Structure formats: structure tokens, C-alpha cells
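A.B. asks: As a plain string of letters, each chain reads:
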Amino acid sequence: MAEYMVFIWDDEAAWANADPRTVEATQAAHEEFMARHAGALRGSNRLHTSDTATSMRHSADGGVAVSDGAFAETKEVIGGYYLIDAADLDEALRIAAQVPAPFGGVEVRPVWTTS
Amino acid sequence: MDSAAAAAVAEAHRRDWGFVLAATARITRDLDAAEDCVQDAYAQALTAWADGVPAKPAAWLTVVARRRAMNLIRRRDTLSRKLPLLVGGATSPGPGDGDDTAADPIPDDRLRLIFTCCHPALATEARVALTLRLLCGLTTAEVARAFLVSEPTMAARITRAKKKIAAARIPYRVPPASELPDRLAAVLDVVHLLFTTGHTAPAGQQLQRRDLAERALDLARMLRHLLPGDPAVAGLLALILLTDARRHTRTTTDGQLVLLAEQDRTRWDRTEISEGLTLIRTALQQRPPTRYALMAAIAAVHAAAPRWEATDWHQITDLYDTLTQIWPSPVVALNRAIAIGEARGPQAGLAALDQLATEPQLAGYHYLPAARAEFLRRLHRTDDARLAYHEARLLADNPVEQDFLTRRLNELDS
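Quick mapping for you: the protein sequence lines, in order, are chains A and B. Residue numbers in the first sequence follow my numbering, run continuously in steps of one, and reach 115 at the last position. Residue numbers in the second sequence follow my numbering, run continuously in steps of one, and reach 414 at the last position.
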């Protein structure tokens, strides 16, 4: 087995303007997803919106520059994550395909396990 | 060096590389290590076969490569590894594993290998490069030349793809039946892309790259052998055979392009055509028919016409109508418009082409102005035809095609 991080990338502006029923339905879909994949789930959370983010960039001279906002200026930002267990990428993709993400999509990254 | 042995090794390299590598990767569970072991086995064969070529060269090579692999993993187990091993290699059985009969103790793992190389999580260029490298045994330099990139660029692409296979655990496995159609489609697309790149090379002095076209034909035959009941595979093999059958007539002896209309059909390869026609019957059993089966059926209509003038364009138009429904692509729409022009006259063809004028995917595609030019010429709209030929020549990359368009322009003015 291996661990995969499933990042949910979505469009915050679309979320902000979303119909309340869509928001409710998506939340219900997440709960249903978590119940269905309880055995594979190692952790998950929703994040506050990217306007609450603080980015810190290390420079070559050892300094740290702090700035307001997400690391990269993109329309989609990371809005939440699931950490899952899967035998291989095919299984991870099968699970990740079911993550509700009506205003974006997901990115699946193998976790570098140190053991 | 013994020349008979060298020739036998070269032949085995061409025919058996993928088989030997696939069987060895199951032992090493690491593609780089498997490549090293297989390379060593071929090097040993050069001297060992001087005393006589074995009756089953592939089996000989596999035994030698797997023996090296066993030694390697014994040593490796004591070393720490940076990347995980291939998953699904030694454990879970898959379709094809049932072939492990007593008569042939070495399992044919080439299906696993091609499904791993053509996994949708890899970029298309990486799928093509890995397939050529691992299934066909091309060197990185040869793969780089085939796709007109520098060798370091291609080496980096292949290294990155192998790293992803290991780190993300892309399995070394034939997908389950529920996922097979989609995954097989990705494999067939890679083989088809290889064939089209060989059939009309994007650049270089030659119209065709026979080496690539032949590799694609070999891969399609391999898939047909390993998945004999699959209509999608039959469709692609039929398409390749029926298109490849025209290879000797597509250029003149001095390398000039000859259009389908002007090709000497008596020199089409009748053996490939009859094999293709037999396969089409299998290919069209699936409902709805697959994209490649329909494309093969169109090629078959051409193959059945003794002369260009005898082509059944109405049937071809009907086949393009069906193809547009299952595979709505601008290039298919362009070919359909050309068929309409042949079936119903240049005015109808031109009208169909003009509907595609704003299609963004066809902007810069030289076959669109070339087709317009041809219909305009037939309508005696010489000035418009000249403009369209000029546009097509500007956009064409292949020098043989550029020369052809120049000749057409000169004919207009004479």
C-alpha cells in the first residue's frame, strides 16, 4: 500500500457565487464520499479560503519573505485535501475520481514515505 | 564478429526485445534494471550465437536476462533503494497469465508492459517514447530522431516518465475488464500516432519514415496476437494494413508526392489489403463500431476501387457521417467535406469546407487550404485557387508536400 495526497483545486469565485443548494449538495457528497471510502481515508480537511493564506519564500541568503495570499496566482486554489491509502495509482485514481469538486478538479500526488 | 550471429541478434532485437524486456521486468520490478539485463543478454548472444543460433532465440535471451536479473535482485535486497518497485509485477495475476503452459514456461508479459507504457497518467509524448524504447528496443537517440527533439530532451522525457511510473506506482498489470476499453484506446492511440508519424513524416526530406510505420505495424500485430478477440485492435490493424498497402505508390521514384487519385493501384500490396479486409469483418462486429474500424472501412472502399473514378464516394460519405458521430473531430469533418465534394461535385465540397473555415483546430492545418484549392481549381476559379495553394504551401512542413503544392501552382499558371 502507498499513500496519496488528493488536493482539491477549485475556483473560489465560483464557490462564492454558488447557489446554496449546490453548496449543500456538495457537502452532502463529501460526507457520502467519506463514508464510502472510510477504509482508505487517512485524513481530510477543508481549508479556509486563500485570502487567509500567508506565503513565505526562502531566499538564498537565508532570509524569509512573508507575503499575503496563496503561493501561486491561479484561478483555482487548493480548497481542501484527502490523504488516502491505495495499492497503486489506478486504485488511487478510482477513489480520487469520486471526490466532489464541482468548481475544479483534483490533483493526485504520491506521498514520499520515509521508512 | 560472426556475421550470421550478428544478423540473428539484430533480427531477435527487432522481433523479441519487448518480449524479453517484459519478462525480465517482472523479475526486476524496475524498468531501468530490466533494460540493463536485456542489453547484457543481447551482448552475450553476439558471442554465444557464433557457435550456432538457438532454436528459440527469444527464450534463450529471456533465460539469460532473467538469470542476470535474479543475481541483481539478490544484491539489491541488501541495498537501500530511492524509488519503490513496480507494483503488480510479481504478485497479482492478470489476463494473459493463463498462457503459462508447460510447453512455454515464459509468460508473455508484453501486454502488461504496453499498458504501463501507455498509462493515461503519462503525457502522450512520454507514452510514445516509452513504447518505442521498451517494446521496440529503440535507443534514446533513435526515439529522439523520430520525434525531432534533441537526445538530451528525449533522455530527460524518458527518465521523468520512468520515475513517475515508480514513484506514483503506475501498476505493471493488464487493467481489469471494466477499465480495459478505455485503457486499450490509449494504447491504440499511441500505435496509431506512431503509424501516422511514419506514414507522413512531419519533417525531414522523406515523405515516409518506414522504420516508424513498420514498428507501428509490428505493435498492432502484437496486440492482435495477444488480444485476438478484440474488435478495436482488429480495427486498428486493418487500418494500418490498408493504408500501408499504398506505401510504394505514394511517391515517384525521385520522391515526388503522388495523390491517391493518381496512384498506380496495381502496385498496392494485395497481401496486406486482403489481410486488412478479413480483419474489418471482425472489427465491424462491435456496435457502435470503433473509430479505427470506421477509418479502416473507408480505406477498404478505396482499396476496392480499381480506379479513382470508380471510388464509391457515397459510401465513403456515409462512413464519414457515422465517424463524425462517434469521433467528432475537425480533421474528420475536413475529410468528410472532401468526400462530399467528390460525391456531389466541387461546389458542394467547397460549401462543406467553408463551414470549417472558423474551426480553431484547423487554423494552420495545410490540408484545409489544399482541399479548397483543389475544388476551386475544378470550378475554374483560378485566382482563388492560387491563393489557397499559396496558403497551403506556407503551412505545410513536409518538403515533399511543399514541392507537390508548388507543382500544382505552376500547373495553374500554365
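Because the hints were derived from the structure by calculation, they are not lab data. For clarity, every value in this text was computed on a predicted model and none was experimentally measured. Glycine included, every Cβ here is placed at the ideal spot set by N, Cα and C. Warning: the hint list may mix true and false statements.
[As the list claims (entries may be wrong)] Beta-carbon label-pair distances, calculated as ranges:
#, chain 1, residue 1, chain 2, residue 2, range
1, B, Asp40, A, Gly62, 23 to 31 Å
2, B, Arg76, A, Gly62, 34 to 42 Å
3, B, Ala177, A, Ala18, 20 to 28 Å
4, B, Leu260, A, Trp15, 53 to 61 Å
A.B. asks: Which numbered hints does this structure break?
C.D. replies: 1, 3
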